[in-house]
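Chemist: Chain residues, written in single-letter form:
Number of protein chains: 2
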Amino acid sequence: MGKDAPYVLVVGAGAVGTYFAARLWQAGARLAMLCRSDYEAVCKHGSFDIKSPHGDFKFIPEAIIKNPSECPVPPDFIIVSTKALPEIDVASLIRPAVHPKTSIVLLQNGIGFDEPLAAAFPGNELISGMTYIGVTRTAPGRIEHIDSGRVALGKFPRGISQNAQLLAGLFAKSSVPCEIHENILAKRWEKLVWNVPFNPISVLSRADTSAIMAHPASRELSRSLMEEVCSIAAVAGFPLQPGIVQKNLDYTAAMKPYKTSMLVDFENKRPMEIEAILGNPLRVAESHGLSVPNMRAIYALIQLLETGCRH
Amino acid sequence: MGKDAPYVLVVGAGAVGTYFAARLWQAGARLAMLCRSDYEAVCKHGSFDIKSPHGDFKFIPEAIIKNPSECPVPPDFIIVSTKALPEIDVASLIRPAVHPKTSIVLLQNGIGFDEPLAAAFPGNELISGMTYIGVTRTAPGRIEHIDSGRVALGKFPRGISQNAQLLAGLFAKSSVPCEIHENILAKRWEKLVWNVPFNPISVLSRADTSAIMAHPASRELSRSLMEEVCSIAAVAGFPLQPGIVQKNLDYTAAMKPYKTSMLVDFENKRPMEIEAILGNPLRVAESHGLSVPNMRAIYALIQLLETGCRH
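Just so you know, the protein sequences line up as chains A and B, in that order. Residues 1 to 311 in the numbering used here are what the first sequence lists, from first letter to last. Residues 1 to 311 in the numbering used here are what the second sequence lists, from first letter to last.
Honestly, I wouldn't trust all of these hints.
[Stated by the list, open to error] With a straight-line cut-off of 30 Å between C-alpha atoms, the simulated BS3-like cross-links for lysine-lysine are: (1) A/K247 <-> A/K259; (2) A/K51 <-> A/K269; (3) A/K256 <-> A/K187; (4) A/K269 <-> B/K269; (5) B/K173 <-> B/K3; (6) A/K101 <-> A/K173; (7) B/K51 <-> B/K187; (8) B/K269 <-> A/K256; (9) B/K187 <-> B/K83; (10) B/K259 <-> A/K269; (11) B/K256 <-> A/K269; (12) A/K66 <-> A/K247; (13) B/K83 <-> B/K247; (14) A/K44 <-> A/K66; (15) A/K259 <-> B/K51.
Derived by calculation from the structure, the hints in this document are not laboratory data.
Start from the sequences and build out the full structure, keeping to the hints where you can.
Modeler: Here's what the structure looks like:
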């Protein structure tokens, strides 16, 4: 594609951001990577090493920068793949790199982070998305892709855009399945059905998914939490398909034992995506006067646990 | 009192059992102590060392035994102060020492352990009770009394017995406040109002009471759990006094930071009194078709946590 290739700035060069950046680069896009903690190491090395069952490779971005204002080209896309944490002010962070033509792409879990970004950049297109992948950062600049690696995208608040299709085309070119959804927020709620039970239960009980499913009381708690998510999604205007709870339970029971990302974060003393996954949906429930006692209990416990661990 | 003094066998020579045994001994009762893990060490030493703000002393029981059948005298009282765990079959354990005149005294937390014992010994008086004390076993045969040390007793299922009064008199003689309650089971439910929130929340969040109270969401969760206990107590026929929830919250907010016994057990990898404190009241709720979602959620989490820790 050369000089006409879309220019992509990735903000949040963790495992997920780097992996998908590397795939876009393989498909011909021009890449700038914003690195924070890994900046020195990656600059020195000049590239990222990607290990993958689909083949290992070196990903060499056009630019490795420490500050969005250093982005050498007005980017066509800014992909935000930081963790969804209230303490990360994404709008302020990316503002120096946002140009009138820039599409902002949010690849994050949970809900409640699209709206503030859309409000901060009313003149820019916002593409909202999620990833489904098992990938780990094994060292600065070293990423190990373990399993799957799917993307779901859609225009915020809804619709399908040309730019989303362009991005999906690039992903497809390097064998990353990328679905485009007309109603991406409904997909966000759909993903919450899994994340709301398994992420916090795993942290509070130090259990992997198979232990949670093997234990009758925690399996039932997972079901109750999923039903609460469905009830919030419904009042929020995103009714999920009937049977989604059982489908998620069956799918999880059949999975290999899996340690959730929130448990991995907790064990590594990294902040957990508590607000994106629990706090924000809980506030949606509250704003509709909906009672979700299990989510409320879990939220209190995990907040308290994090409070203790951060002090 | 000499040879006419009441003969007391204490089953469960942990910190609580030993402390109150020592006080009865000071008041003139004859004591036999059933020791399990500490048997060798205590036999060798011949006594228990009690450290207490009220004065340190050596407690020298008449008998230190390893098996209830070795009790040298048919006991007037058997005080059961083991932990309230489903895996401890108290009836089978004490049966060899139970004589027709023996009063069985249960000094345990939680609910659901009196009934099976009463059923196992229909011809014996059962005195049900609870202790309120801060006391620690610092080494085999060494007990450190830290704070308070109150007893509440009553005849099971209700009433006041001469034997309970005799025991209360002995406690009073060695400065242990001992209340006798006509409706001791109501007192059990009353104590659960505190134990149901603070014990499991502290374990799941590794927090002491002041951290739980300082955090708005966990303070509200504590309140909800207390309200659920009150609602179960009411349908079970033990309506608690209005205002008990706020009273418990205020009292706990004013307390010095306290690490609950369940958290201490968890940290020391000892089994926790999950069934006595949560499982049994939850089953009472179920039998009345009462919904207690917070207790159910907490029960699932702590069961799952314990499952992982025991494997």
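Chemist: So, for every hint listed, does it hold in this structure?
Modeler: Verification of the supplied hints:
no., hint, in the structure
1, A/K247 <-> A/K259, "holds, 20 Å"
2, A/K51 <-> A/K269, "holds, 25 Å"
3, A/K256 <-> A/K187, "holds, 24 Å"
4, A/K269 <-> B/K269, "holds, 22 Å"
5, B/K173 <-> B/K3, "holds, 18 Å"
6, A/K101 <-> A/K173, "holds, 24 Å"
7, B/K51 <-> B/K187, "holds, 29 Å"
8, B/K269 <-> A/K256, "holds, 28 Å"
9, B/K187 <-> B/K83, "holds, 18 Å"
10, B/K259 <-> A/K269, "holds, 23 Å"
11, B/K256 <-> A/K269, "holds, 28 Å"
12, A/K66 <-> A/K247, "violated, 43 Å"
13, B/K83 <-> B/K247, "holds, 27 Å"
14, A/K44 <-> A/K66, "holds, 13 Å"
15, A/K259 <-> B/K51, "violated, 46 Å"
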